[in-house]
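All chains should be built: construct the whole structure from the sequences, respecting the hints.
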Amino acid sequence: MAIEHVLAVVPVTDIDAAESWYSSFFGAPATNNPMPTLVEWKVTDVGWVQVTVDDVRAGTGLLNFGIDDLDAHRAELASRGIDAGDVVDANKGVRLSTVLDPDGNTITLIGGFRVDY
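Here the sequence shown is numbered in my numbering, starting from 1313 and rising by one per residue.
Calculated directly from the structure, the hints in this document are not laboratory data. Ideal Cβ placement from N, Cα and C applies to all residues, glycine included. Keep in mind that the hints are not guaranteed to be accurate.
[Unchecked claim] Cross-link-like lysine to any residue pairs, in silico, SDA-like; alpha carbons within 25 Å at most:
1. Lys-1354 with Gly-1378
2. Lys-1404 with Ile-1422
3. Lys-1404 with Thr-1364
4. Lys-1404 with Gly-1393
5. Lys-1354 with Phe-1338
6. Lys-1354 with Ala-1390
7. Lys-1354 with Gly-1339
8. Lys-1354 with Asn-1403
9. Lys-1404 with Gly-1424
10. Lys-1354 with Lys-1404
11. Lys-1354 with Asp-1326
12. Lys-1404 with Phe-1377
13. Lys-1354 with Ala-1384
14. Lys-1354 with Ser-1336
[What the hints assert, rightly or not] Simulated restraints on C-beta separations:
15. Ser-1335 with Asp-1357: 15 to 23 Å
16. Ile-1315 with Leu-1374: 29 to 37 Å
17. Pro-1346 with Lys-1404: 18 to 26 Å
Here is the structure:
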């Protein structure tokens, strides 16, 4: 058995508002809109983020993105009207910045991420 794709699912209350916000966050429109209550972005060769309506779970989602340049990503998000929050030094050169979507789902940008520590 081989896993071919990884899909992170983010629960939201309003799919239209979420699609607009995540399009700004990713800097691109949704890759797919397979159903009225689901939009998705392909963020790596095999990694996807799905945003879907789930009133019960909305605001409880957690996404972590290992990125190449935390400061550049924060500045780019700011240019799109998204506040990436303060940078926190974690450990072993890792730096974090947190973004909340309109429902309160938490997106953590991880600078200095690597596979081996």
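For each hint, the structure was consulted:
no.: 1; hint: Lys-1354 with Gly-1378; result: 15 Å, holds
no.: 2; hint: Lys-1404 with Ile-1422; result: 12 Å, holds
no.: 3; hint: Lys-1404 with Thr-1364; result: 35 Å, violated
no.: 4; hint: Lys-1404 with Gly-1393; result: 30 Å, violated
no.: 5; hint: Lys-1354 with Phe-1338; result: 10 Å, holds
no.: 6; hint: Lys-1354 with Ala-1390; result: 22 Å, holds
no.: 7; hint: Lys-1354 with Gly-1339; result: 12 Å, holds
no.: 8; hint: Lys-1354 with Asn-1403; result: 29 Å, violated
no.: 9; hint: Lys-1404 with Gly-1424; result: 8 Å, holds
no.: 10; hint: Lys-1354 with Lys-1404; result: 29 Å, violated
no.: 11; hint: Lys-1354 with Asp-1326; result: 21 Å, holds
no.: 12; hint: Lys-1404 with Phe-1377; result: 17 Å, holds
no.: 13; hint: Lys-1354 with Ala-1384; result: 21 Å, holds
no.: 14; hint: Lys-1354 with Ser-1336; result: 14 Å, holds
no.: 15; hint: Ser-1335 with Asp-1357: 15 to 23 Å; result: 21 Å, holds
no.: 16; hint: Ile-1315 with Leu-1374: 29 to 37 Å; result: 20 Å, violated
no.: 17; hint: Pro-1346 with Lys-1404: 18 to 26 Å; result: 39 Å, violated
In the structure shown, a violation is registered for the earlier hints numbered 3, 4, 8, 10, 16 and 17, in ascending order.
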